[in-house]
Amino acid sequence: MEFKDYYAVLGLERTVAQDEIKRAYRKLARKYHPDVSKEPDAEARFKEVAEAYEALKDVEKRAAYDDVGNRYKHGQEFNPPPEWNSGFEFSGGAEGDGHDFSRSDFFESLFGHQPAGARGSRGRGQRAGEDHHAKVRIDLQDAYRGGRRSISLRVPRIDANGRASIEERHLEVNIPKGIRDGQHLRLAGQGGPGQGEAPAGDLYLEIEFAPHPDFRLDGRDIYLDLPVTPWEAALGAGVTVQTPDGSVQLTVPPGSSPGRKLRLKGRGLPSVPPGDLYAVLSIRLPPADTEMAQDAYRRMAEAFGDFQPRPAVEV
Amino acid sequence: MSMNRINRTETPCVIVEEEVQFTLIELSQVCRTEVDQLMELVMEGVLTPSGEDPERWRFGGTTLRRARVALRLTRDLELNAAGTALVLDLLDEIEALRSRLRRLGGD
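These protein sequence lines are chains A and B, in that order.
Counted the way this note's numbering counts, the first sequence spans residues 1 to 315.
Counted the way this note's numbering counts, the second sequence spans residues 1001 to 1107.
Keep in mind the hints are simulated off the structure, nothing from the lab.
Predicted, not measured: the structure shown is a model, and the values here were computed from it.
A virtual CB, placed ideally from N, CA and C, is assigned to each residue, including glycine.
Be a bit skeptical, because a hint or two may be false.
[To be verified] Just a few of them, taken from the derived set where beta-carbon distance is under 7 Å, the chain A residues facing chain B:
1. Leu187
2. Phe215
3. Arg216
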């Protein structure tokens, strides 16, 4: 296990005043919070920042951390001293803070395991299991066709001694045809176990589509770029396009300009009503890198002598 | 110690956004939060249930995502309900602009 320098994570000196810690955390949290940030590693960065803040915001925890921290550097191999096994006792940390993610081993070796999202009891002996949440990434094609998908989830388990471990759990899920990016599936009774006769909680899976190189999504509608030649755009043409559900024939009408959207009704995500598929035209110019090609462009210039793409400029 | 738990039985599964409505209590359980905090979000207009009084409130399935984001922002950025409402409005606006960009292509 590596020692983590929580001060460095927040960009602070060890001697910093307590309210500076809060200020540094808030600034970094606004920058990296996964719900607002588009930084590529936002989630991982935020997790680090939140953990550092949790260790340092509380004066007692900070003192305990400093006691160890004076002997280690960031990234150095860290072996918790034997007396740490019993864990520190902290006055304020009894209730869980509802964080969705687990803390690092390093954090837990110092401060013990704190169950995520622990709440007041819902009655003794007969407590319904907690609802669990997880994210699942699927391909666009899975949403088109629907069907069984095998997913694995990493579930934290706490043993009788209060030590946490990660258990891999496999589930067969029926992906409903037409599910959209960002929607949730509820799997009844697949959450945390209930106590006594109480029912188990539910499992909520947030569906996330893997980004596709060719298709862009907007709700149920799908967009794709369709490059055509100048003569196809001008004279019209029949072209074959690849959709998530196979290839289709499409007619480019004569006189099309770039940006024109050709709609294939009902070829978007299946649903009631189904979405549409839009092919957005762009025009590719052939390179003028041979004598013949240059001649062709010169002939075009002659044929379109009056064509003026720019507004007239007063001299 | 890690163990494999295999589940091969068919699990009943619904799309929350299309088939589920939550009562206030249910939503508080799903979001692992207190009813009071959700009521505050309703008062700020972040969540908009149908029904007149809290006992009869029904939240549509799309509320799940909105409530979870709102609660995370409130907790992690230490915002009050009004600040959270503002952030969510701005996020909606950004999402509308992004979806316009996606339709245009070339990102």
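**Message:** Which constraints among the numbered hints does this structure fail? Numbers only, ascending.
**Reply:** 2
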